Every structure is written in C-alpha cells, then in structure tokens.
Amino acid sequence: DSGVTQTPKHLITATGQRVTLRCSPRSGDLSVYWYQQSLDQGLQFLIQYYNGEERAKGNILERFSAQQFPDLHSELNLSSLELGDSALYFCASSVEGTIGYEQYFGPGTRLTVT
Amino acid sequence: GNSVTQMEGPVTLSEEAFLTINCTYTATGYPSLFWYVQYPGEGLQLLLKATKADDKGSNKGFEATYRKETTSFHLEKGSVQVSDSAVYFCALYNFGNEKLTFGTGTRLTIIP
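Protein chains in written order, with my numbering: chain A, -11 to 102; chain B, 288 to 399.
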C-alpha cells in the first residue's frame, strides 16, 4: 500500500459526459501528479500540483482540468468525454524538492467511455 | 527533450532464468533514473532508483547500474520467479522538469 488513495476504482460513463476523479496523497506529500495510461499512448504525464498551485503541465487536453485543495487532495475533471478517453488514470504524490525523489502511485481509476 | 527507450516486450522466461530488460535514455544534465513495476490490476511501485553515474540501485534481487557513458540503466535479476511477472517501466526525472518521463513498459511473464 503506497498510502495514495484514489476513488472511484472503476467508472463507466457515456460520451459527452463529465466525470471527476479524486486523489488523496500520502500524508505529508505536497505534490500531486496525474497520469493517463492507455494501450496506444502508454503512460503520459498530465499535470502536477504543488501545495495547491499548478506546477507543471504535460499532455493534458483542454477538456481536462485539475485542482488541488487546501487539504491537499486533488481532483481531475474530464468533460465532453470521448471514446478515446477510456484509460487508467493514476495519481501519484511525492515529497517535493529533493533530487532523486520518488513518486508514490495510487491504484488508479479505470475509466470506460461507452 | 527527455526520452526513455525500453526493450520491446513481451518477454517470457522460465523460472530461475536470468533477466535483462534494456533501458536507454536521452536527457541533458544528470537525471535520476528509476525502475517501476506494475503488477496485474495494481498501480506502479518503485522498484529501484539511482541518482548519479555509476550508482547501483537494488531491491528484491533486481539491480540496475546508472551508466552515463552509454546512457543506460538496464534492469537485471539473476534468477526470476513466477511472482516477478509484471510490467516494468524505466523512468527518468530531470531536476527542474518536474515530471517523470516513462518508457513504454516491458511485460514480463515467468513460466514455472
């Protein structure tokens, strides 16, 4: 158990809908990262938050957004869903600022868009 | 930019065989290198890491040495077990880039 929790575990929804994925980082970790894992794209970094502020952006679509709340949990919002958004979405957390730090991953949310 | 190239899979070995999964990278400066493992139905777990040239990371019988001259971080294990069946990801972190760059993953299956 990494200490990172994600809910829900599975999500099935229809095209055009909007969903929210939730992540709670390990106790004491200020950074949260979101990744998308799909068969054709592999593991893609989406976005990072550090202590409530956006820190880095990767291959995140404009239809997707995220935020980190004062209690450090994070939510990833996916809207106008398309079939191609079906994937595993992982959240990770880390202690920021030290070279050689590692990220701790949650179990993931499997999103299926039908 | 940063990139990681991993040995194509899938790899199938018999129990107690020797394992090597190749990983090479492209990056400026002195990145940190990682191997993550993903067991079926689970998230990624850090397996080992190395933060500077010639460092050797090791865990659970797995080893990888950070070779700057060949820009490589190959994963090895002397005697694999069925429980090692998983997908293995090589990854790179470059300070200031604030994210992990992953390879495509190598699926390993160990048969008894």
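Quick caveat, the hints were computed from the structure, so don't treat them as lab data.
Hints may contain errors.
No farther apart than 30 Å at their CA atoms in a straight line, the calculated lysine-lysine pairs in the DSS-like style are these [said to hold, decoys possible]: (1) B:K339 / A:K(-3); (2) B:K364 / B:K347; (3) B:K364 / B:K343; (4) A:K(-3) / A:K45; (5) B:K364 / A:K45; (6) B:K355 / A:K45.
To give an idea of the interface, some chain B residues facing chain A are shown, with a C-beta separation under 7 Å as derived from the structure [as the list claims (entries may be wrong)]: (7) G330; (8) T391; (9) I397.
All of these numbers come straight from a predicted model, not from anything done at the bench.
Built from N, CA and C at the ideal position, the CB exists for glycine as well.
Cross-check of the supplied hints:
1. B:K339 / A:K(-3): Violated: K339 (chain B) and K(-3) (chain A) sit about 37 Å apart, past 30 Å.
2. B:K364 / B:K347: holds, 9 Å
3. B:K364 / B:K343: Cα-Cα ~13 Å, so holds.
4. A:K(-3) / A:K45: holds, 24 Å
5. B:K364 / A:K45: violated, 35 Å
6. B:K355 / A:K45: holds, 28 Å
7. G330: holds, 4 Å
8. T391: Holds: closest Cβ of chain A sits about 5 Å from T391 (chain B), inside 7 Å.
9. I397: Because about 22 Å separates I397 (chain B) from the closest Cβ in chain A, which is outside the 7 Å limit, the hint is violated.
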